[in-house]
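Following the hints, put chain B in place on chain A, whose structure we already have.
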Amino acid sequence: NAGVTQTPKFQVLKTGQSMTLQCAQDMNHNSMYWYRQDPGMGLRLIYYSASEGTTDKGEVPNGYNVSRLNKREFSLRLESAAPSQTSVYFCASRIRDREENTIYFGEGSWLTVV
Amino acid sequence: GDSVTQMEGPVTLSEEAFLTINCTYTATGYPSLFWYVQYPGEGLQLLLKATKADDKGSNKGFEATYRKETTSFHLEKGSVQVSDSAVYFCALIMNYGGSQGNLIFGKGTKLSVKP
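These protein sequences, in sequence, are chains A and B. Here the first sequence is numbered in the numbering used here, starting from 1 and rising by one per residue. Here the second sequence is numbered in the numbering used here, starting from 1 and rising by one per residue.
Warning: the hint list may mix true and false statements.
Calculated cross-link-like contacts (lysine-lysine; reagent style DSSO-like; alpha-carbon spacing at most 30 angstroms) [unchecked claim]: (1) B/Lys-52 to A/Lys-57; (2) B/Lys-107 to A/Lys-9; (3) A/Lys-9 to B/Lys-49; (4) B/Lys-68 to B/Lys-110; (5) B/Lys-52 to B/Lys-77; (6) A/Lys-71 to B/Lys-49; (7) A/Lys-14 to B/Lys-114; (8) B/Lys-49 to A/Lys-57; (9) B/Lys-110 to A/Lys-57; (10) A/Lys-9 to B/Lys-60; (11) B/Lys-68 to B/Lys-49; (12) B/Lys-110 to B/Lys-49; (13) A/Lys-71 to A/Lys-57; (14) B/Lys-60 to B/Lys-77; (15) B/Lys-114 to B/Lys-77; (16) B/Lys-110 to A/Lys-9; (17) B/Lys-60 to B/Lys-114; (18) B/Lys-52 to B/Lys-114; (19) B/Lys-110 to B/Lys-77; (20) B/Lys-114 to B/Lys-68; (21) A/Lys-57 to B/Lys-107.
Rather than coming from a laboratory, the hints here were simulated on the basis of the structure.
For reference, chain A alone in the conformation it holds in the complex (with noise of 0.2 angstroms):
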């Protein structure tokens, strides 16, 4: 069972190129994340989707797209990436369940911009 799947796992850029990564989960949930982490900072959500075709903003949305393919899938994009975009991302799942309220995550994506 593999979970939440993202890619790639290490990736650099230069100032103002862009790029998207991908995520897909197998475990048939409804709400899917992008999460940052920064040292010192946690974790902060960029952008979620609570179902399919929605998508709505968290805390740091400024500078990233979203698009929710289907169920299973979640990309994040940098249309023109800048080193404060320099960071760790992770994507993250969850089935809307009352009784199961786990956010299971991806392995994380190593991302410098230069």
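Chain B in isolation, oriented as in the chain A frame:
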């Protein structure tokens, strides 16, 4: 808004020492509470959770009890090992109302266990 506050690290302990990492929360509704662990270079793994007041979550020798009266969810382990060295995150998710559906994290506590 909803928030989680956990003790700042780093925390350095000797092997077999007792561990407590404090976590308190602020929530307008009724959250579920979680501890996640992140080993160096890896993603976040769920360590334990509790979904209602007085529930005790436990896993791998770690325990935490959901205390509604003190809005706390402190992580404890009776005897730590070197392999427990990691960053620990306390988190909450609202079951309904408030910031429903979004996991809100503390800033993490780095634990180092020396042999």
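Against the structure, the hints:
no. : hint                  : result
1   : B/Lys-52 to A/Lys-57  : holds (28 angstroms)
2   : B/Lys-107 to A/Lys-9  : holds (23 angstroms)
3   : A/Lys-9 to B/Lys-49   : holds (28 angstroms)
4   : B/Lys-68 to B/Lys-110 : holds (25 angstroms)
5   : B/Lys-52 to B/Lys-77  : holds (21 angstroms)
6   : A/Lys-71 to B/Lys-49  : holds (26 angstroms)
7   : A/Lys-14 to B/Lys-114 : violated (40 angstroms)
8   : B/Lys-49 to A/Lys-57  : holds (26 angstroms)
9   : B/Lys-110 to A/Lys-57 : holds (29 angstroms)
10  : A/Lys-9 to B/Lys-60   : holds (28 angstroms)
11  : B/Lys-68 to B/Lys-49  : holds (14 angstroms)
12  : B/Lys-110 to B/Lys-49 : holds (19 angstroms)
13  : A/Lys-71 to A/Lys-57  : holds (18 angstroms)
14  : B/Lys-60 to B/Lys-77  : holds (9 angstroms)
15  : B/Lys-114 to B/Lys-77 : holds (15 angstroms)
16  : B/Lys-110 to A/Lys-9  : holds (23 angstroms)
17  : B/Lys-60 to B/Lys-114 : holds (19 angstroms)
18  : B/Lys-52 to B/Lys-114 : violated (35 angstroms)
19  : B/Lys-110 to B/Lys-77 : holds (15 angstroms)
20  : B/Lys-114 to B/Lys-68 : violated (34 angstroms)
21  : A/Lys-57 to B/Lys-107 : holds (20 angstroms)
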